[in-house]
Amino acid sequence: MKNTMNEGQTQVYADGGLDPTAGIDNGAAYLNQPRQQLLDIIHVLFNQSGKMKPDGKGKIIQSGPMTDAQVLAILVGMGIPQQMAISGITKYKGGQVSESDIYTETNNQKNDNKMNFTLTDLYENVMESINGLKAMDNDNSRVSYSVKDSLTILEEALNAFPMKLKNADLSLISEEIEKSANPNLKFKIARNLYTKLSVSTWLNPISELREYIMESYNNAKWEFRISESIARTEYQKGKLMESFNSDLVSLLNESDVKSKFAVVAAKHPWSMDAKAIINEMNAEDQKVASTANGKVVSVLSPVLESEEGLTFHLHGKNYTYNGTDITEANVTDPRFFDVSEGLNMFSRNGNILSLHGDNGKTLEYNITEGTLTMGKIDMTNYSIIELKESLLATNFSGYRNQWQNDKICKFFESVDMVAEMDNFTTVQNQEFLDVFLTMIGVSEGVYINKVNPGMNLNEMSKIDTATETVEVVKEFINFDVSPILSERLIAENNEKAISETKRKDLTDSISFLEEKKSEVEAAIKKLGETEELSEALNLIDEELKGKEKELANSYISEKKTKDDYLNDGFVEASIVKASQGLKKRQEVLVNAEEYASLGDDDLLTVMIPKTGKSIVMPKADLEVKI
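In this note's numbering, the protein residues as written are 1 to 626.
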């Protein structure tokens with residue numbers, strides 16, 4: 001019989017095995033985003049021996065590293081949630097370890113692995129929905145009409161899938177199908193199904209299919225957005241539109257769609273679709289940067305001013321700031337402790353500090369206005385003696401907590417010491433509310449205070465550069481502070497910060513120009529077209545085009561060399577007929593596959609190696625070097 005110990009709902013066996021946790025949402029985000037501290041622990045465990053045995057000479061020898069199951073059992077025994085431990089092990093080992101791998105080492109259990117969005121996977125989910133609906137249809141219930149309608153939609157969708165998928169071993173041909181099919185096909189089918197099935201979401205098979213499609217959309221958002229753009233542009237005529245559409249389709253085969261799209265947008269600055277997606281990407285980057293895995297919160301503290309500097313309280317410790325350095329402080333002033341204790345008693349909501357009493361009433365202090373109330377009673381101008389008498393008379397603290405009245409009075413006696421540390425940036429983890437990071441900028445560098453009670457961590461350290469600070473904050477709490485440190489980053493010549501500032505300025509300029517364009521168009525509509533208004537509109541349009549092109553170009557991360565293009569399937573060519581600022585016999589680069597597939601009258605994209613820019617021109621104006 002196996003010896004066991006019970007850790008919450010997890011059964012940990014003496015041999016290192018365990019049973020899966022029951023009743024837990026293992027898909028929750030906080031359980032699947034292991035922090036660096038956990039990865040550090042896992043690193044230590046995997047570098048220790050998992051088994052030891054005597055060598056027959058009175059010594060203990062190691063017999064190999066710990067297994068995944070042993071590490072998991074130890075982590076769970078430490079109080080770490082089982083799924084969080086599993087995700088940590090998986091990330092540490094480079095994503096090669098699955099939940100199933102860990103369990104089957106000793107328990108021989110099987111778990112499903114999350115699949116990527118593929119044409120085969122979509123087909124299987126559609127078939128599952130069809131089978132589920134057919135089972136419902138067989139009971140001749142009142143839902144039969146809706147079931148039949150949904151079945152018709154799904155069976156029609158099957159006709160869009162490649163014939164190879166039907167009656168085939170999907171596990172063997174999945175990769176083959178994915179390579180041979182139009183990369184836009186799966187996105188097109190998924191979008192159409194999601195829309196057409198919206199009226200039947202109350203049917204469980206349909207609900208599950210739409211949930212699968214929505215999850216796929218969230219995991220491949222930009223691929224789906226590009227697919228939507230393809231749908232809008234694929235039937236529009238013209239060589240430029242055809243070239244744009246072809247570039248969009250080819251993007252769906254790329255692994256890093258987001259960065260590659262910037263190149264496509266730069267090639268087609270005239271496209272409103274490209275502009276819209278670029279703006280969405282920019283907006284998302286700003287949102288992620290501002291929210292990520294934490295939120296900025298304000299900190300209240302008592303503050304003492306002396307010859308040594310400003311002394312404040314932060315996350316359980318006292319510090320002094322002398323203008324250049326922050327050091328731990330030994331505080332003796334009793335008022336400082338009275339205020340610290342008082343702040344711990346009250347809860348904060350915006351500018352209001354609240355304390356609920358045993359008499360059913362609440363004591364509220366407005367930090368900004370300096371007002372104190374208990375229900376409808378205004379106690380702002382009460383003396384400390386009057387405040388205590390009121391607390392006693394109303395039985396605010398009850399008979400057993402009379403000591404609380406003295407603490408409340410001492411707090412308000414020195415409440416003028418309370419200050420909002422608005423020169424600090426404190427980020428609170430959204431999932432672990434007792435985890436904080438406070439950033440304090442000084443003349444030479446940035447101080448970082450990391451707080452994680454679960455890891456017994458509360459440390460203050462100085463970082464010399466803003467660039468390093470961004471990395472440290474990101475690693476500890478998954479929050480991007482680059483917008484907050486933008487001035488320091490720019491001063492350090494941080495390329496990303498400079499680019500982001502430039503993009504913001506360009507976006508602001510575009511918004512301003514679009515506003516002015518609307519005003520001119522409104523004037524033309526009201527007053528009629530005049531020479532002055534037409535000229536103004538043309539000038540604004542030209543300026544807009546320039547700013548939009550500049551914004552699109554800003555997303556190109558780096559200029560590719562001639563060798564880079566040649567390695568990517570481009571070949572050398574020369575200009576036969578001078579045009580578009582290009583001289584006769586000037587060297588350019590073209591995509592070999594594109595050049596070979598087009599006729600002489602067709603347009604293709606030409607790259608200019610010296611500038612990294614691209615233009616569209618007839619194939620007949622080029623001569624490929626052999």
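Take the hints with a grain of salt, since some may be wrong.
As the list claims (entries may be wrong) - Lysine to aspartate or glutamate pairs mimicking EDC-like chemistry, simulated, CA-CA at most 20 Å apart:
(1) Lys450 / Asp464
(2) Lys450 / Asp434
(3) Lys450 / Asp325
(4) Lys496 / Glu468
(5) Lys577 / Asp602
(6) Lys549 / Asp508
(7) Lys619 / Glu593
(8) Lys462 / Glu444
(9) Lys562 / Glu594
(10) Lys474 / Asp434
(11) Lys317 / Glu328
(12) Lys410 / Glu459
(13) Lys517 / Glu542
(14) Lys583 / Glu542
(15) Lys166 / Glu155
(16) Lys221 / Glu211
(17) Lys275 / Glu328
(18) Lys275 / Glu305
(19) Lys545 / Asp563
(20) Lys407 / Asp333
(21) Lys237 / Asp601
(22) Lys239 / Asp601
(23) Lys502 / Glu492
(24) Lys502 / Asp480
(25) Lys275 / Glu468
(26) Lys188 / Glu178
(27) Lys474 / Asp464
(28) Lys196 / Glu208
(29) Lys462 / Glu328
(30) Lys516 / Asp541
To be verified - Per label pair, the in silico range of CB-to-CB distance:
(31) Ala135 / Gly316: 58 to 64 Å
(32) Glu280 / Asp602: 42 to 48 Å
(33) Lys577 / Ser255: 36 to 42 Å
(34) Gln33 / Leu158: 24 to 30 Å
(35) Asn423 / Gly316: 16 to 22 Å
(36) Gln402 / Glu280: 56 to 62 Å
(37) Leu539 / Asn322: 51 to 57 Å
(38) Asp568 / Ala523: 19 to 25 Å
(39) Trp403 / Gly316: 56 to 62 Å
(40) Thr561 / Asp508: 29 to 35 Å
It should be emphasised that the hints constitute simulated quantities derived from the structure, not laboratory data. Model, not experiment: these values are computed from the prediction. Heads up, the beta-carbon is just placed ideally off N, CA and C, and yes, glycines get one too.
Hint check results:
1. Lys450 / Asp464: Roughly 16 Å between the alpha carbons, so the hint for Lys450 and Asp464 holds.
2. Lys450 / Asp434: Since the Cα atoms of Lys450 and Asp434 sit roughly 11 Å apart, the hinted pair holds (cutoff 20 Å).
3. Lys450 / Asp325: OK: Lys450 and Asp325 at ~17 Å, within 20 Å.
4. Lys496 / Glu468: The given pair, whose Cα atoms are some 13 Å apart, holds under the 20 Å limit.
5. Lys577 / Asp602: holds (15 Å)
6. Lys549 / Asp508: The given pair, whose Cα atoms are some 14 Å apart, holds under the 20 Å limit.
7. Lys619 / Glu593: holds (13 Å)
8. Lys462 / Glu444: Holds, at roughly 9 Å.
9. Lys562 / Glu594: holds (18 Å)
10. Lys474 / Asp434: holds (17 Å)
11. Lys317 / Glu328: holds (7 Å)
12. Lys410 / Glu459: violated (30 Å)
13. Lys517 / Glu542: holds (11 Å)
14. Lys583 / Glu542: violated (26 Å)
15. Lys166 / Glu155: holds (12 Å)
16. Lys221 / Glu211: The given pair, whose Cα atoms are some 15 Å apart, holds under the 20 Å limit.
17. Lys275 / Glu328: Roughly 52 Å between the alpha carbons, so the hint for Lys275 and Glu328 is violated.
18. Lys275 / Glu305: violated (53 Å)
19. Lys545 / Asp563: violated (31 Å)
20. Lys407 / Asp333: holds (16 Å)
21. Lys237 / Asp601: holds (15 Å)
22. Lys239 / Asp601: holds (10 Å)
23. Lys502 / Glu492: holds (16 Å)
24. Lys502 / Asp480: Roughly 18 Å between the alpha carbons, so the hint for Lys502 and Asp480 holds.
25. Lys275 / Glu468: Violated: Lys275 and Glu468 sit about 33 Å apart, past 20 Å.
26. Lys188 / Glu178: Cα-Cα ~14 Å, so holds.
27. Lys474 / Asp464: holds (16 Å)
28. Lys196 / Glu208: Holds: Lys196 and Glu208 sit about 15 Å apart, inside 20 Å.
29. Lys462 / Glu328: Holds, at about 13 Å.
30. Lys516 / Asp541: Within the cut-off at roughly 10 Å; holds.
31. Ala135 / Gly316: 58 to 64 Å: holds (59 Å)
32. Glu280 / Asp602: 42 to 48 Å: violated (31 Å)
33. Lys577 / Ser255: 36 to 42 Å: holds (38 Å)
34. Gln33 / Leu158: 24 to 30 Å: Since the Cβ atoms of Gln33 and Leu158 sit about 37 Å apart, the hinted range of 24 to 30 Å is violated.
35. Asn423 / Gly316: 16 to 22 Å: holds (20 Å)
36. Gln402 / Glu280: 56 to 62 Å: holds (60 Å)
37. Leu539 / Asn322: 51 to 57 Å: Check passed, 56 Å falls within 51 to 57 Å.
38. Asp568 / Ala523: 19 to 25 Å: Roughly 49 Å apart at Cβ, these two residues miss the hinted range, so it is violated.
39. Trp403 / Gly316: 56 to 62 Å: At 22 Å between Cβs, range violated.
40. Thr561 / Asp508: 29 to 35 Å: holds (33 Å)
Checked against the numbered hints given earlier, the structure breaks hints 12, 14, 17, 18, 19, 25, 32, 34, 38, 39 and satisfies all the rest.
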